[in-house]
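Line by line, the protein sequences give chains S and Y. If you count the first sequence from 1, position 182 lands on 182 in the working numbering, and the numbers rise without skipping. If you count the second sequence from 1, position 130 lands on 130 in the working numbering, and the numbers rise without skipping.
If you're looking for bench data, these hints aren't it; they were derived computationally from the structure. Just to be clear, a hint being listed does not mean it is correct.
Claimed, not checked - Derived BS3-like pairs (lysine-lysine); straight-line CA-CA distance at most 25 Å: (1) S:Lys171 to S:Lys6; (2) Y:Lys171 to S:Lys171; (3) Y:Lys416 to S:Lys171; (4) S:Lys171 to S:Lys8; (5) Y:Lys8 to Y:Lys128; (6) Y:Lys128 to Y:Lys6; (7) Y:Lys6 to S:Lys416.
As a plain string of letters, each chain reads:
Protein chains: 2
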Amino acid sequence: MASILKLKCAICECEYAPDAVTYTCPRCGMIGTLDVLYDYVALRARLDRDLIAASPLQSMWRYLPLLPIETDAVLPPLRVGMTPFYHAPRLTADLGVRAAWVKDDGLNPTGSFKDRASAMVVARAIEKGIRVVATASTGNAAAALAGIGASVGREVLETIIFVPASAPEAKIAQLLVYGATVLLIEDTYDVAFDLCFQMCLEQSWYCRNTGINPFTTEGKKTAAYEIAEALGWDVPDVVMVSVGDGNIIAGIDKGFYDLHQLGWIERVPRLIGVQAQGSSPLVRAWQAGMSAADMQPEDAHTIADSISAGLPRDRAKALRAVRRTRGAFVAVSDAEILAAIPALARLTGVFSEPACAAVYAGAKRALELGYILPSDSVAFVLTGNGLKDVRRAQESVAGGVRVQPSLDAIRRALEK
Amino acid sequence: MASILKLKCAICECEYAPDAVTYTCPRCGMIGTLDVLYDYVALRARLDRDLIAASPLQSMWRYLPLLPIETDAVLPPLRVGMTPFYHAPRLTADLGVRAAWVKDDGLNPTGSFKDRASAMVVARAIEKGIRVVATASTGNAAAALAGIGASVGREVLETIIFVPASAPEAKIAQLLVYGATVLLIEDTYDVAFDLCFQMCLEQSWYCRNTGINPFTTEGKKTAAYEIAEALGWDVPDVVMVSVGDGNIIAGIDKGFYDLHQLGWIERVPRLIGVQAQGSSPLVRAWQAGMSAADMQPEDAHTIADSISAGLPRDRAKALRAVRRTRGAFVAVSDAEILAAIPALARLTGVFSEPACAAVYAGAKRALELGYILPSDSVAFVLTGNGLKDVRRAQESVAGGVRVQPSLDAIRRALEK
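Please work from the sequences and hints to get the whole structure.
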């Protein structure tokens with residue numbers, strides 16, 4: 001494992017001892033999300049990137065020497081991470097860039113990138129002897145927590161999910177299948193979020209809420225490690241990632257930050273965050289040079305529910321990720337997001353949920369705006385499986401050719 | 001690659017030169033599915049199982065020396081196979097067996113085991129310079145062909161899917177997203193199947209139809225290789241697999257057959273096929289000692305649509321698989337299948353579609369009937385991702401606890 005040196009607030013930069021704070025910065029409150037930082041000089045002396053790359057473990061746990069978990073800890077057994085990373089020649093040609101790759105994180109055990117954070121949080125909970133992990137979510141984070149929890153068993157760990165009572169029944173069904181306790185709160189998501197956090201503090205449950213628990217980032221950073229390792233530590237110029245609460249782009253940023261501190265990569269990629277136009281507070285804050293602390297709640301409306309967030313919980317880290325890597329934020333319309341689903345599937349063979357396909361539309365926009373240059377190499381983080389939202393995918397395509405049951409009719413239909 | 005020695009009919013045992021026949025046995029017709037056989041003595045002299053196990057390739061293509069594909073062939077780029085294989089201690093205890101494992105083939109690129117067959121068929125098509133692959137299916141096989149096709153690109157390969165016009169729109173949507181040509185035939189699945197095969201013969205398209213193309217089995221056999229390799233070539237006593245058309249159990253059987261011929265495993269596991277009660281012709285044929293050639297079409301009704309088949313297309317190989325491994329066929333009710341979805345998810349962390357979860361109910365039945373003994377070790381092949389059919393999963397669980405938005409109400413709800 002990597003011994004934590006300190007926790008550091010992403011807003012006020014105050015530093016805390018590893019066990020002094022569990023969630024956010026006591027000084028800044030909920031906006032003060034914490035970075036988990038290591039003694040990089042010591043790690044650099046002790047670790048060898050080639051040894052790590054030689055690990056036979058085909059999961060995020062191959063990076064255990066860089067993760068805040070004891071080496072002999074009980075790890076959740078599901079295979080999280082080491083998702084496929086494909087070179088995509090047709091996507092490269094379509095965009096007119098030097099090279100393009102896609103990382104299919106929809107092939108994580110519960111179908112999304114969020115499994116990385118849940119696996120890390122569950123591992124931490126087990127290590128600390130905590131018996132309950134709770135979260136407020138209706139989407140991928142909840143499914144990830146419920147699924148990873150099920151893999152270690154209710155005897156070891158109970159998962160409690162707070163959802164607004166209005167959440168779609170199909171999304172709730174997946175949580176119940178995994179055996180999570182599901183509380184349908186008769187109020188908004190924000191109220192469910194706050195109640196979850198308060199119950200965690202009161203009952204000493206571990207809170208997995210996005211933007212609250214600093215270790216979600218430590219799970220998510222492994223995707224950056226995997227991209228770097230897959231390319232022989234020669235990182236792409238640009239990494240594209242869709243952004244709702246901002247925790248995934250924060251995780252990717254942290255991963256490249258770690259590797260750069262270790263001297264394992266020579267530079268960090270520019271991170272380009274893609275938001276839906278109807279939910280793009282980070283795009284505007286970035287354009288206006290606004291600080292995270294000054295951002296105000298807004299209404300959010302987009303078909304890409306996984307990135308719908310009026311006041312992104314991890315806005316501090318997300319803004320910093322783009323600023324310190326000299327990246328950008330771009331917004332794309334719901335129509336562009338829908339069209340991106342079949343476009344990306346046909347160029348790569350990967351079927352994405354709307355929030356995930358948004359990165360393709362975002363790359364087109366970033367090329368127009370000069371944030372991506374034709375000389376750039378670009379990696380796309382595909383965050384969620386298309387099977388998560390087939391109904392939206394249905395809106396993105398027309399309906400096949402109806403044919404009478406005869407060879408003649410088929411021949412005629414195909415000539416058209 | 002492995003040079004094909006001969007093709008051999010599973011019914012009449014006639015043998016053909018590798019290029020003499022493309023689909024089924026000319027003597028037996030559609031029921032005469034063919035085995036692709038190799039010169040096992042020559043392979044045994046040339047190959048080393050430890051060298052194969054040392055391959056860095058994390059996909060089914062690590063077994064290229066045992067597959068009927070040229071080593072320098074263009075292979076579809078998606079990561080098919082090498083799906084997770086989990087030891088499942090709680091499932092072991094629940095069943096009261098010596099050991100249990102689950103193989104999560106729902107984490108293949110399009111979410112099902114069928115990707116193995118489609119990857120093999122697409123690789124064969126590319127190698128032979130064929131530009132169109134067609135299939136009749138509404139389910140996992142169609143999605144697999146469309147997805148694997150999309151990964152190589154329409155410039156290289158076009159996929160044409162024949163579906164009955166009554167197929168669910170969501171299933172059709174996934175095919176269209178991948179860019180397949182979808183023909184909605186105004187008739188039954190069987191008519192669509194026959195029209196597809198006739199068009200393939202007429203147009204020299206490659207036909208992927210289950211039970212027609214002998215190479216689907218050659219793709220599916222890789223799951224057996226992976227199970228054997230994961231256990232250090234010490235295979236389980238029993239392998240459980242759900243059965244509709246019978247092609248998956250045939251593939252598993254072929255994989256263990258190959259390994260046994262090579263002398264890489266000392267014995268073959270008993271294969272236990274699980275059917276839904278409303279679609280269980282193989283259970284009855286096996287119980288009655290009937291030959292595949294004598295089976296007649298029946299009506300099939302089950303909620304587990306992936307294993308609904310009134311006259312299983314690969315009945316010859318499926319019956320043989322169970323008979324020659326001294327396995328069994330068992331039937332389980334739709335209610336048992338539904339209940340198996342959450343049971344399996346909670347015991348293993350894997351969320352399965354109904355047809356896939358059926359293996360858990362089947363194991364319970366097999367234990368009652370003495371087909372599995374407490375001293376046995378059992379591997380479960382989980383063939384399809386739960387996200388493929390969330391609607392059915394919804395029927396398997398009750399709906400969470402509705403709570404007023406207060407800490408008091410939450411505390412009270414959790415005490416119950």
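**Prompt:** Which hint numbers doesn't this structure obey?
**Reply:** As far as the earlier hints go, 1, 4, 7 are violated by this structure, in ascending order.
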